[in-house]
Every structure is written in C-alpha cells, then in structure tokens.
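In case you want the letters, here they are:
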Amino acid sequence: MPSLGADMEAGTFIEWNIAPGQAVKRGDVVCVVETEKGAVDVEIWASGTVARLVAEPGKRIPVGGILALLAAEGEDWQAVAATPAAPAEAPRPSPAPAPAPALVRSSPAARKRAEELGVDVAALAAKKGGAPITLADVEAAAKTAPRASAPAVAGEGAARTGMRQAIAAAMARSKREIPHYYLGCEVDVERAATWLEQFNAGRPIGERVLFAALAFKAIALALRDVPDLNGVFVDGAFRPSAAIHLGVVTSLREGGVINPALHDADKLGVPALMAALRDLLMRVRAGQLRSSDLADATTTVTNLGDLGVETVYGVIYPPQVALIGLGRVVARPIVREQQIVASRMLTVTLSADHRVTDGMTGARFLSKVREHLAQPEAL
Amino acid sequence: MNAPDRAAIRQAVIDAVLTIAPEADFETVVPTKSLREQLDLDSFDYLNVLIALAKRLQVEVPEADYGKVDTLDGLIGYLAERVART
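Keeping their order, the protein sequence lines are chains A and B. Using numbering that gives the first Met the number 0, you'd call the opening residue of the first sequence number 0 and step up by one each time. Using numbering that gives the first Met the number 0, you'd call the opening residue of the second sequence number 0 and step up by one each time.
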C-alpha cells in the first residue's frame with residue numbers, strides 16, 4: 000500500500016485491474032484504492048509479472064502493507080506465488096479509527112450530485128459490478144429510483160468527514176511541529192502579464208497559458224536557485240530533493256482540498272507546464288487521480304488569486320518545509336523611475352520551516368521569484 | 000447545417016459548465032452577474048468551459064474579449080453573434 004500523501008495511514012482496497020501471470024511495467028495502473036481523498040488509481044512502482052494478489056476488496060490496509068506479490072523479470076511467477084506472504088500485513092495500531100469510507104469508486108462530481116439527489120451510490124456501484132460511477136449514472140438513477148434511504152447520505156457524510164479529519168490531522172501536526180516563519184512581497188508583474196497577453200493572442204484557445212502557470216514556473220526556477228526550501232523534514236533532518244514537484248492546492252467542489260503534484264515543474268517549458276497543470280486539475284475534477292499524483296510533492300503552492308484574495312500565508316504540509324502563496328494580480332499605482340504609473344502587481348508569500356531555513360533564505364527565494372517573473376521570455 | 004440558435008447555445012453553455020460544476024443550478028444563476036463568481040469557477044475551470052464551447056460551436060473567445068463573456072447573458076450573446084457571423 001503506497002503512501003498517497005503524508006497524512007495517509009491506510010487505504011481501503013477497492014479492486015484489481017490485473018491478474019496473476021500478467022506482465023506489468025512500472026507506471027501501469029494495477030488497482031484502485033479508496034483514501035480520505037477519494038478513489039485513486041494506483042500505479043505499480045516496479046516491472047515484472049503478477050504472481051499473487053493478496054489484497055481483497057473492502058479490506059483496510061495500512062501504508063506499507065502487502066497488496067500483491069510480484070515476480071521480478073526472469074523469475075518464475077508461479078514459484079513466487081507459492082511462497083507464503085511475509086507477515087508485514089499486521090496493521091499498525093491506528094490512534095483513532097476513521098469512519099469507513101464508502102466503498103464506491105466514483106467521481107467527486109458524481110458523489111456530490113448523488114448526495115443532492117438522494118441516490119445511493121453504493122447500490123449503484125453494486126449494480127454496475129464495481130465499475131466507476133459517473134455523473135450520468137447518478138442522474139439516470141435519480142430519474143428511475145425514488146429518493147434513497149438515509150445510509151447513502153450517511154456514507155457520503157462519512158467520506159467527507161474522513162477528508163476533514165485527514166486535513167485536520169495534517170494541519171494540526173504542522174502547527175504543532177513546524178515553527179513557521181512568514182515572508183511576503185509585492186512583485187511587479189506588468190511585464191510578465193503583457194508578455195503573456197502577446198503570447199496568448201496568437202494561439203488557439205486550447206494552447207493558451209494562464210498567468211498561474213507562468214508564476215508556477217518562476218517559483219520552480221526560484222526553488223532550483225534556493226534548494227533549501229524544496230524537500231522534506233524527516234527523522235529530525237532536512238532531506239533536500241533534487242527534483243522539484245510542486246504540490247498544487249486544489250479545492251474540491253464538494254469541500255476540502257487536495258494537493259496533487261506537478262512533477263518536474265522546473266524542467267517544463269511554460270506551454271508544457273500549462274498543459275500538465277490543466278490535465279492535473281481536470282483529473283481532480285473528474286476524480287481520476289493516480290497514485291503518482293499524490294505521492295511526492297516537494298513544496299506546495301496555493302493560488303487563491305481567483306477568489307479575490309490578495310495575500311495568503313499558508314500552513315506547510317508536513318513533511319515539506321515550505322509553502323508558497325499567490326494572490327490576485329491587481330493593477331495599482333506604483334512609482335517607477337520617479338513617475339506614478341499603473342502596474343499589475345502580485346503578492347507572493349512564503350511560509351517556511353524555521354528548523355531548516357532562516358528569513359535570509361526565504362528572502363533570497365522571494366527575490367529570485369521576482370527576478371524570474373521580470374524575464375517572462377526566459378521562463 | 001443551420002447555425003445553432005440562442006436556445007441551443009444556452010444549452011451548450013450549460014452542458015459545458017455542468018461537466019465542471021455538476022451542482023450548478025441554472026435556475027438560480029443571475030444571468031447579468033458574473034458566472035464565475037456565482038458558480039465558484041476558477042480560471043482553469045473557466046478556460047475549460049471556453050475550450051469545450053470552442054469544440055462544440057467552433058467559436059474561440061480571444062483573451063481580449065473575456066470581459067464580454069463574464070455573465071451568462073454576455074457569454075450567450077457573444078457566442079450567438081459570433082456563430083451567426085461564421
């Protein structure tokens with residue numbers, strides 16, 4: 000059972016997409032696991048041949064527990080299948096058993112609609128033989144069925160409570176363990192915004208880039224310049240990460256947030272970064288996240304500009320050591336070369352872990368973000 | 000093929016929005032107020048709505064015209080005019 004975020008202790012196994020004897024390669028989606036954040040497609044992290052499926056649908060399995068036995072390339076899978084499973088399955092004691100989430104694979108949109116319409120998604124899933132429940136399924140069921148009984152709604156409530164509890168646990172741990180320090184600065188983004196308008200003017204709508212993508216790229220490059228903000232704090236020590244995977248705080252329409260990772264953000268050109276970001280956010284909306292989306296962010300960015308927020312000081316997601324906040328781009332009168340001019344401004348903030356860095360490092364980072372945004376053509 | 004009429008365009012807009020915000024209730028949407036604000040659509044959501052509409056109606060809204068398509072009435076009116084011209 001992979002860890003799909005630092006706040007995950009266990010997951011409920013839903014279904015297999017593979018069978019014994021089948022060859023798999025790293026990255027293949029092999030099963031579906033339900034977490035507090037919804038159903039997630041789990042990608043296998045090694046190649047080989049499936050020997051034996053250990054996990055059974057409906058079972059709650061702790062992070063690190065065995066899901067299946069895999070024969071390495073060249074190994075006889077039937078021999079591997081015959082070996083007894085290691086006793087690693089013993090569940091770790093869980094401090095407070097969370098309410099069992101509904102064992103249903105469905106998109107967040109479908110769940111939300113089901114709750115509104117009083118459709119029992121569990122019953123629907125049983126009818127569909129475990130296939131994912133879509134919005135259309137829910138709507139169709141609502142037309143044919145009378146309002147369902149209370150348990151379905153209770154199940155939805157439990158899933159939502161589960162997410163609330165997971166967020167509460169992660170944020171409480173953050174505030175308990177991480178001595179945050181906070182810095183913020185206003186960045187003149189007139190040049191970047193103008194450059195982007197020209198860039199977009201000549202492109203079809205599907206290739207247009209939003210300002211957020213430009214800002215994400217600038218942040219990724221600034222993290223490369225100031226690597227002490229990119230990594231995790233584990234067992235009393237900071238472990239910097241060479242790769243820059245930006246967690247993107249995404250609010251779910253049905254409540255709660257999820258932080259899927261935008262992988263190798265520093266290495267993507269702006270159009271590729273925009274495409275990756277759009278793909279990621281579409282999959283969040285459709286409830287089609289994969290395990291690799293949730294596993295390994297090295298720093299997180301929260302962008303509340305769309306909601307009219309000008310300044311956000313976020314709470315760091317443990318075990319990460321920094322969180323960057325983006326506000327709204329607003330036109331303001333500023334002084335440039337002794338003249339008062341109108342210019343578009345963006346407030347960038349940093350919440351960072353004082354165990355790992357000091358204000359000096361944070362200040363250097365913000366000044367690098369400013370530098371990168373001043374040269375949009377180089378992003 | 001005849002150009003889609005206003006009702007068809009309105010339906011296309013509703014369909015596009017519902018794929019992203021399935022809970023949106025168009026009975027209560029005020030057509031003269033910001034659609035994004037009423038339905039909590041972020042800039043990625045709204046871009047995806049416009050991309051879906053571009054595919055369906057073959058009308059791309061240039062970035063410079065975003066101000067004209069902020070409300071439901073504005074968006075439908077803009078698309079109707081552009082569809083009629085093509």
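Treat the hints as calculated values from the structure; they're not laboratory data. Even for Gly, the Cβ is constructed at its ideal location relative to N, Cα and C. Keep in mind that a hint or two might mislead.
In silico contact screen, one side only, chain B against chain A (beta carbon under 7 Å); selected entries [said to hold, decoys possible]: (1) Ser-42; (2) Phe-43; (3) Ile-50; (4) Ala-51.
Evaluation of the provided hints:
1. Using the Cβ-Cβ criterion of 7 Å, the hint placing Ser-42 of chain B at the interface with chain A is satisfied: the shortest such distance is roughly 5 Å.
2. Against a cut-off of 7 Å between C-beta atoms, the interface hint on Phe-43 of chain B holds, since the closest Cβ of chain A lies about 5 Å away.
3. Hint on Ile-50 of chain B holds. Least Cβ distance to chain A is approximately 5 Å, under the 7 Å limit.
4. Look at Ala-51 of chain B: its Cβ only gets to about 10 Å from chain A, farther than 7 Å, so that hint breaks.
This entry does not satisfy hint 4, going by the numbered hints stated previously; all others are met.
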